[in-house]
Amino acid sequence: MQLGHRDINRGIFKAYDIRGLYPQEIDDDVAYRIARAFVTAIGCKRVVVGHDMRESAETFEAATIRGLVDQGADVIPIGLTSTPMYYFAVNHLDGDAGVMCTASHNPAEYNGYKMTVEKAIPSIARVSNETLYEMACKGEFPEPEKKGTVHETVNVLDAYAEAVLNAAGIRSFGDLKIVVDCGNGMGGYVLPAIFSKVGNTPIRLYWRQDGRFPNHEANPLKTETLLALQDRVVDECADIGVAFDGDGDRVAFVDEKGNIIPGDFVTALIAREMLRDKPGAEILYDLRSSWVVPEEIKAAGGKPIECRVGHGLIKKQLREEGGYFAGELSSHYYFTNFYTTDNGDLAMLNMIKLLLSERKPLSEIVAPLRRYYHSGEINSEVRDIPAVLKRLEEKYGPMAKRTTHLDGYKAEFDDWWFNVRPSNTEPLIRLNLEAKTKEKMEEKVAELLEEIRR
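Under the numbering used here, the sequence shown has 85 at position 85, and the numbering climbs by one with no breaks.
Simulated from the structure, these hints should not be mistaken for laboratory data.
For clarity, every value in this text was computed on a predicted model and none was experimentally measured.
Possibly wrong hints are sitting among the right ones.
Claimed, not checked - Okay, derived cross-link-like pairs now, DSS-like style, lysine-lysine, Cα gap no bigger than 25 Å in a straight line: (1) 45 <-> 138; (2) 303 <-> 316; (3) 298 <-> 436; (4) 316 <-> 410; (5) 436 <-> 395; (6) 257 <-> 438; (7) 316 <-> 45; (8) 390 <-> 440; (9) 353 <-> 257; (10) 45 <-> 146; (11) 401 <-> 298; (12) 14 <-> 222; (13) 440 <-> 395; (14) 436 <-> 401; (15) 410 <-> 440; (16) 360 <-> 177; (17) 410 <-> 438; (18) 316 <-> 119; (19) 401 <-> 390; (20) 119 <-> 278; (21) 298 <-> 316; (22) 438 <-> 395; (23) 410 <-> 303; (24) 303 <-> 278; (25) 360 <-> 278; (26) 278 <-> 298; (27) 147 <-> 45; (28) 353 <-> 303; (29) 436 <-> 410; (30) 177 <-> 257.
Claimed, not checked - Okay, the calculated beta carbon distance ranges per label pair: (31) 94 <-> 383: 48 to 58 Å; (32) 398 <-> 177: 47 to 57 Å; (33) 153 <-> 403: 49 to 59 Å; (34) 404 <-> 450: 22 to 32 Å; (35) 201 <-> 231: 18 to 28 Å; (36) 177 <-> 280: 33 to 43 Å; (37) 224 <-> 405: 27 to 37 Å; (38) 29 <-> 383: 27 to 37 Å.
Where a beta carbon is used, it is the ideal one built from N, C-alpha and C, also for glycine.
Can you build the whole structure from these sequences, using the hints too?
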């Protein structure tokens with residue numbers, strides 16, 4: 001079929017996902033084109049399709065389904081879903097591909113896709129988003145032998161709740177008091193099914209699905225979005241606070257005192273819990289993480305493996321190297337015992353298991369991990385990223401104990417380390433730095449930023 005050429009905003013095609021302003025950047029025609037390109041590129045015949053709670057979800061999904069069907073694919077709709085539940089459904093329903101209509105944690109006016117092939121493997125393993133962009137712009141698609149069909153909607157919520165509890169190996173939360181902030185996202189749809197099966201009644205914050213996000217942005221990486229959760233945990237004398245992003249694949253935690261637990265610390269804590277079941281397993285952690293993470297993995301009897309940033313790369317490495325679990329500073333946590341996917345629900349369940357097994361306040365469990373000083377990720381806009389990276393390598397390389405080019409450039413010294421890596425989508429360099437003292441961390445951050453921004 002010849003749709004004719006159309007200029008599409010290249011910027012909506014990210015490294016791993018597709019996201020843009022709806023309908024300014026990604027409208028129903030663009031959705032239709034991307035869907036046809038997707039089927040053409042990977043040759044899928046049975047596609048599981050779901051959507052989140054955004055106001056544009058139904059019309060956006062309808063255009064997507066129309067494109068899939070017109071290109072000859074059968075569609076199994078699962079309706080309203082979180083991204084982890086969608087990953088489960090692709091496997092549970094034997095899809096050879098999946099399309100999740102979501103813009104993840106992005107604000108209300110966005111929409112987009114998380115696409116997979118069979119086994120919920122990211123679609124970029126089979127076709128790049130750059131190729132989908134070119135095909136969608138060109139608008140030339142071969143006519144299928146026959147159009148696909150749309151099956152009846154399948155509700156997988158109960159099956160998912162059972163499966164995720166089985167994967168975590170937990171059926172009771174004891175007498176824990178838990179506060180959960182769903183940010184008006186998909187957690188409020190999925191979590192009632194999980195909590196009802198363990199007989200626990202959590203304290204709810206913003207569980208009603210509302211794609212306008214009226215209370216706060218559903219992005220727990222932004223610490224300001226956690227303020228209500230922190231206050232409520234303290235007011236309720238709760239044991240733990242949990243905050244999900246819009247589509248439920250990322251999750252953040254606060255202790256009983258309302259302190260935010262950094263994402264890399266959560267990696268170390270979940271690794272400790274999971275290694276009880278599989279001693280000696282390989283645990284992946286992204287290279288921005290604190291020294292604490294590999295130290296704690298080793299102490300728990302695991303084998304720490306440093307990895308690159310990004311879900312497509314991490315899932316690939318887990319599959320190829322047989323890793324058991326992986327965590328990112330960005331609060332994505334990956335489980336090979338659940339289809340090698342990132343899953344906020346399973347991360348929450350493992351943190352609850354940790355609390356139950358260690359039988360002491362979360363702040364006391366976390367306290368020993370707070371032994372270094374991390375800068376967090378600092379972005380700098382630069383004109384010539386390769387030149388900056390080269391300059392830093394020439395200056396710091398000769399003095400470093402260890403250097404790597406796994407993702408950008410990383411240099412380690414006796415009492416500090418830094419990593420600088422380019423953004424996949426913007427003219428930015430991202431700096432992460434850690435030191436054994438706060439003074440050294442602040443000194444080196446100032447020094448590196450002066451070098452990067454000059």
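Structure-based check of each hint:
1. 45 <-> 138: 23 Å, holds
2. 303 <-> 316: 18 Å, holds
3. 298 <-> 436: Cα-Cα ~19 Å, so holds.
4. 316 <-> 410: Roughly 22 Å between the alpha carbons, so the hint for residue 316 and residue 410 holds.
5. 436 <-> 395: Roughly 21 Å separates the two Cα atoms, so the pair holds.
6. 257 <-> 438: 23 Å, holds
7. 316 <-> 45: 23 Å, holds
8. 390 <-> 440: Holds, at roughly 23 Å.
9. 353 <-> 257: Since the Cα atoms of residue 353 and residue 257 sit roughly 19 Å apart, the hinted pair holds (cutoff 25 Å).
10. 45 <-> 146: 11 Å, holds
11. 401 <-> 298: 21 Å, holds
12. 14 <-> 222: 20 Å, holds
13. 440 <-> 395: Holds. Residue 440 to residue 395 sits at ~18 Å (cutoff 25 Å).
14. 436 <-> 401: The hint holds at about 15 Å.
15. 410 <-> 440: 17 Å, holds
16. 360 <-> 177: 13 Å, holds
17. 410 <-> 438: 20 Å, holds
18. 316 <-> 119: Given that 25 Å is the threshold and the Cα spacing comes to 12 Å, the pair holds.
19. 401 <-> 390: 18 Å, holds
20. 119 <-> 278: 23 Å, holds
21. 298 <-> 316: 23 Å, holds
22. 438 <-> 395: 23 Å, holds
23. 410 <-> 303: Between residue 410 and residue 303 the Cα gap is close to 21 Å, so the pair holds against 25 Å.
24. 303 <-> 278: OK: residue 303 and residue 278 at ~11 Å, within 25 Å.
25. 360 <-> 278: 23 Å, holds
26. 278 <-> 298: 13 Å, holds
27. 147 <-> 45: 10 Å, holds
28. 353 <-> 303: Holds - the C-alpha atoms of residue 303 and residue 353 are around 21 Å apart, at most 25 Å.
29. 436 <-> 410: At roughly 17 Å apart (the allowed maximum being 25 Å), residue 410 and residue 436 satisfy the hint.
30. 177 <-> 257: Given pair residue 177, residue 257 holds - Cα atoms ~13 Å apart, limit 25 Å.
31. 94 <-> 383: 48 to 58 Å: 49 Å, holds
32. 398 <-> 177: 47 to 57 Å: 54 Å, holds
33. 153 <-> 403: 49 to 59 Å: Given about 53 Å between the Cβ atoms, the range holds.
34. 404 <-> 450: 22 to 32 Å: 23 Å, holds
35. 201 <-> 231: 18 to 28 Å: Given about 20 Å between the Cβ atoms, the range holds.
36. 177 <-> 280: 33 to 43 Å: 35 Å, holds
37. 224 <-> 405: 27 to 37 Å: 35 Å, holds
38. 29 <-> 383: 27 to 37 Å: 35 Å, holds
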